[in-house]
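S.K.: Numbering (mature numbering (1 follows the signal peptide of the UniProt record, and there is no 0)) for the sequence shown: -20 to -1, 1 to 449.
It should be emphasised that the hints constitute simulated quantities derived from the structure, not laboratory data. Keep in mind the model is a prediction, meaning the values are calculated, not measured. Every residue, glycine too, gets a C-beta built ideally from N, C-alpha and C. Some hints here could point you the wrong way.
Calculated lysine-lysine pairs in the DSS-like style (CA-CA distance at most 25 angstroms, straight line) [unchecked claim]:
id, residue 1, residue 2
1, K163, K65
2, K204, K75
3, K75, K135
4, K226, K163
5, K100, K33
6, K45, K135
7, K163, K184
8, K204, K173
9, K209, K45
10, K135, K25
11, K184, K226
12, K163, K209
13, K100, K135
Computed beta-carbon distance windows for the label pairs [to be verified]:
id, residue 1, residue 2, range
14, I296, E171, 42 to 52 angstroms
15, A264, K66, 37 to 47 angstroms
16, A443, S268, 18 to 28 angstroms
17, I296, K173, 49 to 59 angstroms
18, P241, D63, 24 to 34 angstroms
19, K173, K65, 36 to 46 angstroms
20, V34, N87, 15 to 25 angstroms
21, I279, E220, 32 to 42 angstroms
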Amino acid sequence: MEGSIFILLIIYMLSVQSMGYSPYSTACQRSPDDHQISEESRLIKCLEKRYQKVTTLARPVQSSKASVVVHFGLSLIQILDFDEKKQIITTSIWKNYVWRDQVLSWNPIDFGGVEHIRLKASSLWSPDIVLYNNADEQIKEHEELVAVYFNGTVKWIPPAIFRSSCEIDMRNFPFDEQICEFKFGSWTFDENKLDLRLSNDTDKIDLREYVHSSEWEVSWTSAKRQIRKYQFFDDDPYPELIFTLKIRRQSTFYVLLLVLPCVLLSCLTLVLFWIPANRPDRTAVGMSVFSSFFILLLILVQSSPPTSASISLLGIYFCINMVLIALSTILSVIVINLRRRAFSHYAPKWLLSEKLDIIARLLLASDVLSIVPNSPRSSKCKLRRLGSKRASKINEKHNLETSDDSDDQYENADLYGEDTEREDSAKCSCLKKKIARRWLLVSSILDRIFFVTYFCTILLALAFVFPRN
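Can you make the complete structure from the sequences, with help from the hints?
M.R.: Following this line, the structure appears as structure tokens:
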């Protein structure tokens, strides 16, 4: 008889374990006052009494060598804020916990068929999973209710708002993409005590409840598990779950505020090179465009973090424009100075070279060539100069052959000398005009060279600033 009872007891224990119950499930006995309350209330009172015995600090396992397997997942609800200067992203998320608590198991037959209940998270043991790269105070989610099932399965989905650190790369601003990581792990338990795993073996963040942001668009997400060892914890293995979030900036606002004015100012700068260099309004227009780019650069600085790790290509584009406009203004001042000095200084040999004419035609400066003296005019000036020399020689010869001191001869000599002086002054005036116009040709050539340089530089800069897609 005793042997049969022992066998029946063993069969009962095996059946209990196969159904997922623990020995704690038989600890609750019905009292005379239990008929006044529901089966669910009686079950909750029973489970609370159990935890008063084992305390909420002890792991819910029968053996201290056993590990609690915790499945953890992340649901992104909304991106609330992204502070680029402080490199902090604020998100609203749901944390999904699932683990097995052997203390919280019962036989539904003993409690009127109740298979699941709700308990306070503070009244039972919960894993100490924290966000490692948190940039704010740790939030304690101990006020939300947890769902407990008869086999000891606990499901907990506490909402939370996290401010986590995220390294910012502003190189492609405002067409940039940022990658932020959320590192979760147990703060005190190693893998031998708490085995942290991804929920349902998923490899990404849950976006089913995501509320779209007006500034950021989620490109893709990922999740992975890794083991890390810390020297100050005797190299014990600590499991970590890393959730990666890649977001792309909605660039419409910044295109209208920064990029479009930048393109328009670049086109205005191209027109600047077609203004004659001797016009004072060219310098005024150049300084106005320079000031406009400087204001855009200040707006860009206010939107960027103060770091030298990654500099915005749009900011580099602004600086390139400002440098070229400053050089153009300096070039205008130099050309004006050369034009004014052309009437009082000797012209170098290269100034009268025909190579300048060839370069001018290649750079489409033919309009300047039309007012610059060509070779026939210069030969005419030379003929005038030769004619004056022959006249002086004839005059000298005539003075040697005749010795007549009549008044008519002196008058003829005076008239002839006046003609010579007129020819010399005309020759000097012709040469000065030619030198001045050659300097004008040089200034036009420099303008065309700088225009081509600016145009090519701007095209290359735009190719790097704007996204390839």
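S.K.: Report the numbers of all earlier hints that the structure fails to satisfy, in ascending order.
M.R.: none
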